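Novice: Read off the chains here:
There are 2 protein chains.
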Amino acid sequence: MNGGNGPLSYANNSSYQKAAVDCTKVMVNEAIVDEFDIKQLSSSTPYRIADLGCSIGPNTFIAVQNIIEAVERKYQSNGLESNIPEFQVFFNDHASNDFNTLFSSLPLDRRYFGVGVPGTFHARLFPKASLHFVYSSYALHWLSKLPKELLDTNSPTWNKGRIHYVGAPNNVFEAYSTQFRKDMHAFLDARAEEVAPYGLMALLFAVVPNGTIPSESFIYLLYERLGIALMDMANMVSLIPNTK
Amino acid sequence: MNGGNGPLSYANNSSYQKAAVDCTKVMVNEAIVDEFDIKQLSSSTPYRIADLGCSIGPNTFIAVQNIIEAVERKYQSNGLESNIPEFQVFFNDHASNDFNTLFSSLPLDRRYFGVGVPGTFHARLFPKASLHFVYSSYALHWLSKLPKELLDTNSPTWNKGRIHYVGAPNNVFEAYSTQFRKDMHAFLDARAEEVAPYGLMALLFAVVPNGTIPSESFIYLLYERLGIALMDMANMVSLIPNTK
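First to last, the protein sequences are chains H and E. Position one of the first sequence corresponds to residue 1 (full-length UniProt numbering), numbered consecutively onward. Position one of the second sequence corresponds to residue 1 (full-length UniProt numbering), numbered consecutively onward.
Wrong hints could be hidden among the right ones.
Pairs involving identical chains hold if they fit within one copy or between any two copies, as the list cannot separate such chains.
Below are the DSSO-like pairs computed for lysine-lysine, each with C-alpha atoms no more than 27 Å apart in a straight line [what the hints assert, rightly or not]: (1) Lys25 x Lys145; (2) Lys74 x Lys160; (3) Lys160 x Lys148; (4) Lys25 x Lys160; (5) Lys39 x Lys74; (6) Lys74 x Lys182; (7) Lys39 x Lys128; (8) Lys145 x Lys39; (9) Lys74 x Lys145; (10) Lys182 x Lys148; (11) Lys25 x Lys39; (12) Lys128 x Lys74; (13) Lys128 x Lys18; (14) Lys182 x Lys39; (15) Lys182 x Lys160; (16) Lys148 x Lys74; (17) Lys18 x Lys160; (18) Lys128 x Lys160; (19) Lys25 x Lys74.
Hints are computed from structural coordinates only; laboratory data are not their basis. What you are looking at is a predicted structure, and each value in this text was computed from that prediction instead of being measured.
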């Protein structure tokens, strides 16, 4: 993912992800209306929100603002406006994320204490029972690593020239699937410790229903085209030395 | 302050500040032995440490480790080793600090959850009563801004060619002094809200005793020489166009 805020940066090329954030606004609001129990939050405790895999903005700021406004509305609608808690927001991504750009673009008029958390969300990142709302958008479908057997040219699981599993032998699919299960387990195990009692979690990520036919799936087609383009580029690079 | 980790970076040019961190180790330990009351920390609460004006390491990691080890020793010496809390460490500096370098150099074997906090410590940065140890080393003596009257060439407070107040008229000294008082008030007002009951604070910054004679003070002499060097450089730059 490209850092900074130039023309090729993620910050300026994430309108697709922004549309997804907008779609979840209503769901996030309904979850807070239906499930957030004001009585569970002691008056001296801040409401702590984490965006896991937040990238560098601006989508994370919009998502967080949606959550905060929903919580505020809940207090207001219960006649408890004066009890609205302070908010602390933890923006998480890999240590290699461009936190410098994230921090320099934090909204000036924010009503929360903003914090950056470097590290993988496939492990513990926060103290026990300290988070009230965990949010993750367009991050959880990325694997923590490529299953190494896919790179072994002598293995029946070698994923020759592909960046995903469509059109590959079944054991390629199984290798990806096993890695995804491990990653999800690690993610959920860590959150199980970190989320406070009665805390909420909203996870948004790309999926395909079981049994989806590849030719009918946007995601399958997208990665197939992308894989072909990457292979073309790789072949061009390897040809150049031969033409000299 | 230079970011990154190159030959001119702060990370590789802060051995003087490192010596100061080493000097405070004993004092920090004594403060925790004498003043930290284990009973005040609920078993479900992490011990939260903030380094305000942390820069980009490595000194901040050493300072934080000293605090954590002192807290752990306190539990051990009370036979409460199994009750040692989780630690969460908030590394704070201006949003323009190089947090990318800070995060990429976090110790791999750390026993705490590390977090970056962008923003000035002359205002609120944390939720109410959420911090158990506030630490600040070689940061608090920097003013939040230059008093603007020092730049007004028509003012009797114009600080002609100096970067500090030694050798200047008394109202230059007063302007600096007033700004420092304002900054310290703002700092302490914010911390008064953020530090938990029975929390501790260790502040290390450059001072001179009242009545110090400038010619006998290392700090005075240092800034005088630095001011002269900066003026020489500024004069060189302004001369160059005239020689073309």
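Novice: Run every hint past the structure and note whether it holds.
Specialist: Hint by hint, here is what the structure shows:
1. Taking identical chains as interchangeable, the C-alpha atoms of Lys25 and Lys145 are never at most 27 Å apart, the minima being 31 Å within one chain and 41 Å between chains.
2. In the homo-oligomer, the alpha carbons of Lys74 and Lys160 never lie at most 27 Å apart, since the shortest distance is 53 Å inside one protomer and 57 Å across protomers.
3. When the C-alpha separation of Lys160 and Lys148 is checked against a cutoff of 27 Å, the pair qualifies only within one copy, where the shortest distance is 13 Å, while the shortest distance between copies is 66 Å.
4. Within a single copy, Lys25 and Lys160 get their C-alpha atoms no closer than 40 Å, and across copies no closer than 57 Å, so neither meets the 27 Å cut-off.
5. Proximity of Lys39 and Lys74 under a CA criterion of 27 Å is satisfied intra-copy only: 12 Å inside one chain copy versus 35 Å between copies.
6. Taking the shortest Cα distances, Lys74 and Lys182 never come within 27 Å of each other, neither inside one copy (36 Å) nor across copies (38 Å).
7. For the homomeric pair Lys39 and Lys128, the shortest alpha-carbon distances inside one copy (20 Å) and between copies (19 Å) are both at most 27 Å.
8. Proximity of Lys145 and Lys39 under a CA criterion of 27 Å is satisfied in neither setting, with 41 Å inside one chain copy and 43 Å between copies.
9. In this homomeric assembly, Lys74 and Lys145 never come within 27 Å of each other (Cα to Cα): the closest approach is 40 Å inside a single copy and 40 Å across copies.
10. Taking the shortest Cα distances, Lys182 and Lys148 sit within 27 Å of each other inside one copy (14 Å), while across copies they are farther apart (59 Å).
11. Only within a single protomer do Lys25 and Lys39 lie at most 27 Å apart by alpha-carbon distance; the minimum there is 24 Å, versus 42 Å between protomers.
12. In this assembly of identical chains, Lys128 and Lys74 lie within 27 Å of each other by CA distance both inside one copy and across copies; the values are 25 Å within and 21 Å between.
13. Taking the shortest alpha-carbon separations for Lys128 and Lys18, neither the intra-copy value of 31 Å nor the inter-copy value of 32 Å comes in at or below 27 Å.
14. With identical chains, the CA atoms of Lys182 and Lys39 are never at most 27 Å apart, being 36 Å at best within one copy and 39 Å at best between copies.
15. In this assembly of identical chains, the alpha carbons of Lys182 and Lys160 lie at most 27 Å apart only when taken from the same copy (23 Å versus 66 Å across copies).
16. In this homomeric assembly, Lys148 and Lys74 never come within 27 Å of each other (Cα to Cα): the closest approach is 48 Å inside a single copy and 45 Å across copies.
17. In this assembly of identical chains, Lys18 and Lys160 lie within 27 Å of each other by CA distance neither inside one copy nor across copies; the values are 34 Å within and 52 Å between.
18. Taking CA atoms no more than 27 Å apart as the test, Lys128 paired with Lys160 passes in neither setting, with 43 Å inside one copy and 56 Å between copies.
19. In this assembly of identical chains, Lys25 and Lys74 lie within 27 Å of each other by CA distance solely inside one copy; the values are 15 Å within and 47 Å between copies.
Hint violations for this structure: numbers 1, 2, 4, 6, 8, 9, 13, 14, 16, 17, 18, all remaining hints satisfied.
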